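There are 2 protein chains.
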Amino acid sequence: MDRITHPTLLLDKEKLLGNIENMRRKASVHQIELRPHFKTHQSAGVAHLFRSFGIHKATVSSLAMAQYFIHHGWDDLTVAIPHNPRETSFVNHAFSPGVRLNLLVDHPDTIEHLNQTLDHPLDAWIKIDCGQHRCGLTWDDEARAASLVQSLKRGSKLRLHGLLTHAGHSYTVQTPAEVLTVHEEQLRRMTHARDLFAALGCKDLLTSIGDTPCATLADTFSPVDEIRPGNFVFFDLDQLFRQVCSWQDIAVALACPVIGTYPDRRQLVIHGGAVHLSKEQRRGPSGTSFGKPVLLDTRGWSEPLDADLTALTQEHGTITFHKMLDPSIKIGSLIGILPIHSCLTADLFPAYLCLDGNRLTKMRANE
Amino acid sequence: MDRITHPTLLLDKEKLLGNIENMRRKASVHQIELRPHFKTHQSAGVAHLFRSFGIHKATVSSLAMAQYFIHHGWDDLTVAIPHNPRETSFVNHAFSPGVRLNLLVDHPDTIEHLNQTLDHPLDAWIKIDCGQHRCGLTWDDEARAASLVQSLKRGSKLRLHGLLTHAGHSYTVQTPAEVLTVHEEQLRRMTHARDLFAALGCKDLLTSIGDTPCATLADTFSPVDEIRPGNFVFFDLDQLFRQVCSWQDIAVALACPVIGTYPDRRQLVIHGGAVHLSKEQRRGPSGTSFGKPVLLDTRGWSEPLDADLTALTQEHGTITFHKMLDPSIKIGSLIGILPIHSCLTADLFPAYLCLDGNRLTKMRANE
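Line by line, the protein sequences are chains L and S. Per numbering that gives the first Met the number 0, the first sequence starts with residue 0, numbered consecutively. Per numbering that gives the first Met the number 0, the second sequence starts with residue 0, numbered consecutively.
Isolated chain L (complex conformation):
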């Protein structure tokens, strides 16, 4: 810890491995495929740890991310964002007989485009909207489903493999009971969608669901064949607040140097801002929080302090203690911040510093 000079993203590998093992066991018990979403960590090193659990399929959120993981030996990837026609030449370029790239479609125009421009046949999944209203075919839209099936049949480049949904609205509810309500609804709706496609002649389609809250809390999964949670690998305050994890499960913390102390307003200022944590925030009864401070030592971090990161500008963070400023924290001390949203915090760094001193590198978006 003494060698840390600037904001540094710490990774507790033991917690990470525990989180992976819990999800692996759940998938195994329910006999469903675990295809973890790698957008959370974006790291070949973290991905390598998944391999030791027998996991060889993954999900990514962009073709650039697919390229990174293909380069690191991953050969079965689902690109969980509706295909962007401007990147089809990239798909053709990335194609090799040993790599399986699953694409997402939800519109006849995209299907028609792929049928005309793909060099080689690929597996496609139809994105289903189970209630998030971001992307996808509405789960019970028969006319639209028929039109997608027709589009697929007009070409030979896309093999329809399954139906895929992401119940992202499980991130907007506040309690485990509400998460389970979202989950039960998505199971009913995916069953309906699967039957609808079967009636249109598409038998034996697989079904895949996506979000960490449902995958973590649920105990029934039928008719689901595959889960694609991502955030569970690190968890974060957002999941803690809705009781999807405990603080002991959170596997990343940002180590920040203290650069100012203001005891009369019970505040510290850290080098640690929006370019380190993102501006993901949570509005609670005691105001807006951009993260929770923890005490750091060589073994990791403490439970969250009775304090919040209450303001965040580009490089400065302001910590407000709710009762008393901890007098042991001085200018030059290092303090940890548990992030509101670990995916966006991780995205901002080129590497993780593990507690054993090793560094796990990752890709950077937009390179």
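Copies of one chain are not kept apart here, so a pair can be met inside one copy or by any two copies together.
List of simulated lysine-lysine pairs, DSSO-like, C-alpha gap at most 27 Å: (1) Lys329 with Lys152; (2) Lys12 with Lys56; (3) Lys156 with Lys329.
Treat the hints as calculated values from the structure; they're not laboratory data. The structure displayed is predicted, hence computed values, not measured ones.
With chain L's structure known, arrange chain S on it following the hints.
Same frame as chain L, but now just chain S:
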């Protein structure tokens, strides 16, 4: 535009040059130094354009950023964040007789630390809190000011050069009149602080102010010697909403491929998410906005459409049209997004694509 395949940050160099010229002229008319904050663009290429306006001094928000610009030939930089004692060895390492690095201090412990550990004397500025309540000595705190002066006198490594403030609370007000109220208050408070230090024996200190809203709208600056605005180089929706700029002044837009159309809810989904725009948001009468869509052509972009980026996840953005979905926009079209906060959007990219096809590279935070 046809060659853009994925989210790409566009820069309109003509607008950028116009913004620089306006601020240069203002500084010249008022005979104050313009020391622009380079945290907004973080780019040696953009910095080079400043040189053609006779600007040779700049502000940075981290020592890593100082290192980048020193490497690109900048030799007079103010590091506008309270000095982080964990990085003093970096300051010693970066020192060369030809480079002037101005450090910020607001605490006796930091001053004492620097006096003990700096290899060479450096210029220091005392950070003054004029009302933002982030960092700094409260503008009228005589006892504390005396203690800082005493600390400085106990060593020989820091030459007190001036008083520096950042009226960041000008970013929280809504109208030009309110910005000017903040500005007049900071001028009065900086006058008071300067007189207070003069009475303590520190004569002839320079005064420096920081924020874009005040620097852009104000027409009186006495007793200020230096302004350090940053955001004005690009501006953004946050400045547009408080009428600090017009939409024609906004010099950056994110080009995003359309990957989904949902006419029944008047929505488009783009590849363009929190990893491209940050989660900076603005809550207005029609809900939360993460950006405003514009139409793109080879000459740049249109005025903002009657639509907002109403939802943003890691890689997906949802655009909601308030009246009618523009029927000319289809899957595979490119649409522009004006960012809420250009500094945080720019931070996420390694380069700008200028409208003439040239690329201006930039540093990346946290490397």
